[in-house]
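S.K.: Taken in order, these protein sequences are the chains called A and B. For the first sequence, the residue numbers in full-length UniProt numbering are 1 to 246. For the second sequence, the residue numbers in full-length UniProt numbering are 1 to 371.
Please note that the accuracy of each hint is not assured.
[Unchecked claim] Covered stretches of chain B (in silico footprint by chain A; criterion: 3 or more residues with CB under 8 Å from a CB of chain A, positions within the stretch not fixed):
1. 154-162
2. 175-185
[Said to hold, decoys possible] Once the Cα atoms are required to be at most 30 Å apart in a straight line, the calculated DSBU-like pairs of lysine-lysine come out as:
3. A/LYS73 with B/LYS182
4. B/LYS37 with A/LYS72
5. A/LYS127 with A/LYS84
6. A/LYS222 with A/LYS77
7. B/LYS37 with A/LYS111
8. B/LYS37 with A/LYS58
These are computed hints drawn from the structure, not numbers from a lab. Don't be surprised by glycine CBs; every beta carbon is placed ideally from N, CA and C.
Now for the letters of each chain:
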Amino acid sequence: MKDQLPAIQIDDLTVAYDYKPVLWDIDLVVPEGVLMAIVGPNGAGKSTLIKSILGIIKPIAGSVKVFGKPYKKQVDKVAYVPQKGSVDWDFPTVALDVVMMGTYGSLGWIKRPGQKEKKASLEALEKVGMLEFKDRQISQLSGGQQQRIFLARALVQNASIYLMDEPFQGVDATTEKAIINILKELRKAGKTLIVVHHDLQTVPEYFDWVTFLNVKGIASGKVKDIFNDDNLTKTYGINYKVAVTQ
Amino acid sequence: MELSDFFTNYTLRTITLGTTVLGAICGMLGSFAVLRKQSLLGDAISHASLPGIALAFILTGVKDANLILIGALISGLIGTFWIKGIVRRTRLKSDTALGLILSLFFGFGMLLLTFIQKMPNANQAGLDKYLFGQAATLVEQDVWVMATVTGVSLIVLLLFWKELKLLLFDADYTKTLGFNTKFLDILITSFIVLAIVMGLQTVGVVLMSAMLLAPAAAARQWTNSLGTMIILASIFGAFSGVFGTAISASQDNLSTGPVIVLVAAGFVLISFVFSPSRGILFRELRFRQNRKELHLKKTLTFMYRIVKNHDDITHPHAIRILNNFQGFTKKTLTKLEEQELIKIAGNEWSMTHKGYDQASTMYNELGKSHD
Numbered sequence: 001m002k003d004q005l006p007a008i009q010i011d012d013l014t015v016a017y018d019y020k021p022v023l024w025d026i027d028l029v030v031p032e033g034v035l036m037a038i039v040g041p042n043g044a045g046k047s048t049l050i051k052s053i054l055g056i057i058k059p060i061a062g063s064v065k066v067f068g069k070p071y072k073k074q075v076d077k078v079a080y081v082p083q084k085g086s087v088d089w090d091f092p093t094v095a096l097d098v099v100m101m102g103t104y105g106s107l108g109w110i111k112r113p114g115q116k117e118k119k120a121s122l123e124a125l126e127k128v129g130m131l132e133f134k135d136r137q138i139s140q141l142s143g144g145q146q147q148r149i150f151l152a153r154a155l156v157q158n159a160s161i162y163l164m165d166e167p168f169q170g171v172d173a174t175t176e177k178a179i180i181n182i183l184k185e186l187r188k189a190g191k192t193l194i195v196v197h198h199d200l201q202t203v204p205e206y207f208d209w210v211t212f213l214n215v216k217g218i219a220s221g222k223v224k225d226i227f228n229d230d231n232l233t234k235t236y237g238i239n240y241k242v243a244v245t246q
Numbered sequence: 001m002e003l004s005d006f007f008t009n010y011t012l013r014t015i016t017l018g019t020t021v022l023g024a025i026c027g028m029l030g031s032f033a034v035l036r037k038q039s040l041l042g043d044a045i046s047h048a049s050l051p052g053i054a055l056a057f058i059l060t061g062v063k064d065a066n067l068i069l070i071g072a073l074i075s076g077l078i079g080t081f082w083i084k085g086i087v088r089r090t091r092l093k094s095d096t097a098l099g100l101i102l103s104l105f106f107g108f109g110m111l112l113l114t115f116i117q118k119m120p121n122a123n124q125a126g127l128d129k130y131l132f133g134q135a136a137t138l139v140e141q142d143v144w145v146m147a148t149v150t151g152v153s154l155i156v157l158l159l160f161w162k163e164l165k166l167l168l169f170d171a172d173y174t175k176t177l178g179f180n181t182k183f184l185d186i187l188i189t190s191f192i193v194l195a196i197v198m199g200l201q202t203v204g205v206v207l208m209s210a211m212l213l214a215p216a217a218a219a220r221q222w223t224n225s226l227g228t229m230i231i232l233a234s235i236f237g238a239f240s241g242v243f244g245t246a247i248s249a250s251q252d253n254l255s256t257g258p259v260i261v262l263v264a265a266g267f268v269l270i271s272f273v274f275s276p277s278r279g280i281l282f283r284e285l286r287f288r289q290n291r292k293e294l295h296l297k298k299t300l301t302f303m304y305r306i307v308k309n310h311d312d313i314t315h316p317h318a319i320r321i322l323n324n325f326q327g328f329t330k331k332t333l334t335k336l337e338e339q340e341l342i343k344i345a346g347n348e349w350s351m352t353h354k355g356y357d358q359a360s361t362m363y364n365e366l367g368k369s370h371d
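So here's chain B without its partners, still in its complex pose (with noise of 0.2 Å):
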């Protein structure tokens, strides 16, 4: 397919959107999941929906997309209120409970496609393309069910503001304080859901996960503010659909879900290294640059401790003396001298006023610290 395509070709275009819209609302809501530590809560959501979309089928024995979405979200929230109701009500921890019910629907859902199987009008169903998604079943109905619920989640989500906030920083805070929390996480759960099931149709009961959390887990890399994280989040899931879409598009038998999670993990990939202020590189190289810093400070202020007690500070001493120090190094020296703060003549070294001033300093707050 060439890049023209996606301008005339109607089909490529609905798609593209579609994926486009979901990587959008998965990344704004996905952030909600992240920073209130419920990001295993999206898998288990995914998951716990399989059932629906079997039983859907099997009790109006037709395919229509919309009657499986709406058995998926039902079977979902019920997967949801049992995993909350379970850590409520026993003294089993959140992962056990979420692993157990994602393992529990996913079960029954897959026992339920073998039941379709074998039923008569079983090939009509093809109800196994939600495991992985298949993009290529979106049409225009479908991309304006997702704008609107993503313009309505936009909307909540701008209403709210303050109190959703409040409730990720500190949710027993937020009680005190007045706000009914149960009616706000009731309101960002229900949201969460549903953008998992609007994804289940392209990316897979199995993957859909991954769009929620993947775009937000990048974009917390970037920014120490809640704002900006989302409105990043948002922009990184869209570019993972279109990226996605293209790639998969441009090479004929690659399905569009795996290929838009992947992009979406390359994201995370890029951030998680190339971060300015959390990121692995910057943090190493940050890490070292403190390191010599560090030693060149030590190699200053034991050089400081032999020169204050002679009158003219600027005296030369042998480069000998300085080997009962354990830190310094050729290297060092070569820099002390570049920062004009010693003179290297021949086997001695002496101080500069630069020198000793810096050094000075530096001993005074060293000293204050350890009273």
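Pulled out of the complex, with its shape left as it was, chain A reads as follows (with noise of 0.2 Å):
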């Protein structure tokens, strides 16, 4: 890893919606094949960062580099698994359909998915744990159901880096052991994953990277080194216990 280029490169982010910056000045450097969490109270600005990562929000300064370029050029190697109630789940679907959206990227403009692309997708449902929905309208699956369609759709687009927003949030136990089974596969394969978590008692059992972020960068590095009190003092402000508990 000594002379690669790291997998995502942040120099002086700043993210503003209205005058209060919701990122201030932001310096991250995440080192490929790592399972890093991005921790940090409500408002921190932790789905915004990774927003800003995939260029959906333009940020007011500051630059984002994937693998030494800017994302627009490597669109093919980041996959991005948006909050599961950032999209209306009554759309006119079925689950396969979801996944498929997966290959669009790599189809490019106008060309359709065809028997290839539809492979993938099964397979990337089979891996969740969902083949046997795969017909099944989108509404009518449940909530940890949904998180799994928008993990196979992250899955089918066989990226190098993962951008997930709270994959955890309103899933019941069996799922979350099974989605985070995925993800350790996926950084034993190589891949760099970024996670927006919320459950700080889980950090040390599910990832080996951590970013504590509250409006500011506050730390990153390895869990072991950078996981303790002080840092989520600094993060959390005098209630960090309390979160910590609940």
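Using the hints, put the two chains back together into the complex; each one sits in its own frame.
M.R.: Dropping the structure here:
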């Protein structure tokens, strides 16, 4: 890894929706092959950080590099798992169709998905344990199943970097275990995973890398080095203990 | 008018063709507006086109249908971009922006119309027909324009089907895959504006949005596939045009636009009540059916708990002891007996082997889900 470009390099990133900055002067280097949690209180800018990396939100200042180049040139290397609540699940389509959307990027404009794309999508559905639901209308799926569909859609992209916005939100324990196993498998395959995460207790168990965020970047590094009371207090203020016990 | 008039009367045939094509394209593009949660956008655009209609007349001094439509198109587009600009640049939500632009443009348009009334060539104008539409003014050339626009938008739709579907479902994700969402957005919005402007002459500024939304809302009730929904919406729209024109032609004094809209509303009503999967009627029936079945299951598992402690499971028990269980009625017992799950003899009931097997599976399943 010594000579390699980092998976993500962020310099001086500042983002604001109104007057108040949501992210202020973020510098962040994510090495290739880590399973990283982004933690921080509500309103810390965790989702905004992910959306800025993906170019969904335009920053006021600063730059984001993906393997040394701007995101626009690396779209095929990055897969995104949005928050489950960001779409209307009453949309008229079935589970397999949503997963197939993951192949649209590599197809490019106008070209339609064919047998090859369908096969890849079915494999992704099998990986997340949702194959039997492939023809199910998506509003008929449970919250955990919808999250798995989103994960499968990202898997189909066959990317090097996965950005996930709260993939464990509102899923049951079984689904959480299933998802984390898939994430660990991806890391073993050399992928880089960046996950917005809320449950501080599971950070040491699930992740090997962590970034503390609260508008400013507090700390970033190996979980075993920096996941400590000091950084938690800096990020969450004096109330951080409440966050841990809940 | 007689039915045969449709085939012999040239004017009526033109009007019917026009309203049919208009209904079809509105249904098709309306599906996009509905699924993007931009139902009100259509209403705002059609109202925003009124000043353009009036200005086209004031500036040129002639009442040329095509010039007026171009005026409507420009002013509709300006309204649309203002709405989008307000949403992007201020903290106002889109419903506020829509309402604001809608009333602002419509008010300005009405002002211009009263101004035109006072002009010397006012009676030539008759621009107020654009408020509620007048299908009778449709000529063959209008139908050709409509058919061409429909054809072009169909081609664009098929060409960018994958991208548009993605945009409808998840716009942010579309962007991350490298697609130009701004281009797609402008593409689909422009076609919606075009469809609205084409309908102004027939249906009018005030009712046009119903033309766009009603067929799509009705179609959504019948299918879970986007493609089928769009095809159905086009069919509903086309039929609204045909039936609406026929009804208004057979009743001399009814104006066509409102009748078409009412027919489309009829499609919506029928769809909301009778759709098998999403309709109110079948949902209520299913709900009642489920409750009844749950009742039976609940009673059977209650009986099972009494029976399972006996060596002989078919041993009879007094019906009285079921009184402890709130949910049981005479009817439930009869139902259970019909299904051969229990036997009833006088004041006593006994469980059959079939009933015992079913109840134990159910009991175990329910037990598991409680762990």
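S.K.: Look at each hint and say if it fits the structure.
M.R.: Now the hints, each set against the structure:
1. 154-162: Holds, because 4 residues of the region 154-162 of chain B bring their Cβ atoms closer than 8 Å to Cβ atoms of chain A.
2. 175-185: Answer holds; 5 residues pass the 8 Å Cβ test.
3. A/LYS73 with B/LYS182: It holds: about 18 Å lies between the C-alpha atoms, which stays within 30 Å.
4. B/LYS37 with A/LYS72: Satisfied, since the Cα-Cα distance of roughly 28 Å is no more than 30 Å.
5. A/LYS127 with A/LYS84: This hinted pair holds, its Cα atoms lying about 19 Å apart.
6. A/LYS222 with A/LYS77: holds (24 Å)
7. B/LYS37 with A/LYS111: holds (27 Å)
8. B/LYS37 with A/LYS58: holds (24 Å)
Taken one by one, the earlier hints all hold for this structure without exception.
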